[in-house]
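Asker: Below, each chain spelled out in residue letters.
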Amino acid sequence: MKRIVPLLLPLALIACNGGNTSSSTSTETSTETSTTTSTATATATETATATATETATQTSTETATGTDDAATETDLATSTSTLSGPSARIQKDGSIRLQRAP
Amino acid sequence: MNRRLSILLAAAALSVTARLVAEPVVGSTDASVYEISAPITPRVVGGATNLYSHEGPNYPTTLADAQSLAAGVAHTFDQLLTDCAQLTNPSTSALYDIDVSEADPSEARLIANYNAVATCAYNEFGSKPYWIPKLVNDVDICADKLGAGWHLPTEAEIASLTAEEVDAVVDVLASSASSFGSFYFSWSFYVRSGDGLKRATLTPGQAPTISDEIDETQTQHLEGGVVLRCARGTL
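Here the protein sequences come in this chain order: A and B.
Per our numbering, the very first residue in the first sequence carries number -14; after that it's consecutive.
Per our numbering, the very first residue in the second sequence carries number 445; after that it's consecutive.
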């Protein structure tokens, strides 16, 4: 009998508290749920934006790099052509100076 | 001659030979350089004197008078560059886009100057490319206006240009958007042949064409976009 009394007393106290504050508990739960949902949405949005931006930037950079490489190749081709073929340029007096290939 | 002296003389001879090989002649006298001037254009109307008032029956009767006429009506690029830099373009109400202050101007600046001169020559000085063939044939306009070494291109010089060289020359002004294509940008020009004048035309991707369609005794001005360009150097 001594063992049963200590166990029943806390259970009785718990039952009493739950019964007296049922309305208050309901309100708190609702508020907490709302806050949590809002936070989760914000986090999702930030993540999506960050990912999109990073991807776009990276793609752009890679494309630019490719173009630079192409331009470099063109320059090299031009230089090679200039060295092996004729070249011409305008001068201050409006004349055209033709340099024949060596 | 002792052995030491022989060695010294041989070394000196080698040094001179090496310098001759390593230092090609530079400048306009270099055989591999050929310069073609901007068109020299005549004032055809207005001014103190103009070409149209001296054609046909009014053409000069002496060489001296013909030389005086050519000197009086011919506009060179350098003259126009200086004169036009002070003037306002009526189309833009601003000075012509000319800047000669840079010691080593960029190609873009030189092209801009060229465009401005082309427009200004027409707007302000009544210049058109319409020379009188007999005047071009009789008077050495190139040397008189541009100095020694400049001459009317010869048929042989222009005919020797390869299609690749034509491309190089024509491409220099190809990017211009000027509306004076048949005027300051024309690559159809007078050349001197063994028996008078001919017309040379440079077309991208092609060897030059030379046509015998000019009557060098004609005292009326000639239209059709054939311009007077000069040359320096040899091909």
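Just so you know, the hints here were simulated from the structure itself, not pulled from any lab data.
Among the clues, some could well be false.
In silico DSS-like links for lysine-lysine, alpha-carbon gap of 30 Å or less [what the hints assert, rightly or not]:
1. B:Lys589 x A:Lys77
2. A:Lys77 x B:Lys642
3. B:Lys589 x B:Lys642
Values in this document were obtained by computation on a predicted structure and should not be read as measured data.
Asker: Could you grab the alpha-carbon distance between A:Lys77 and B:Lys642 and see if it respects the 30 Å cut-off?
Answerer: Holds - the C-alpha atoms of B:Lys642 and A:Lys77 are around 28 Å apart, at most 30 Å.
Asker: Compare the distance between the alpha carbons of B:Lys589 and B:Lys642 with 30 Å, and conclude whether the hinted pair is satisfied.
Answerer: 21 Å, holds
Asker: With the threshold set at 30 Å, check whether the alpha-carbon distance from B:Lys589 to A:Lys77 stays at or below it.
Answerer: 16 Å, holds
When each numbered hint is compared with the structure, no violation occurs for any of them.
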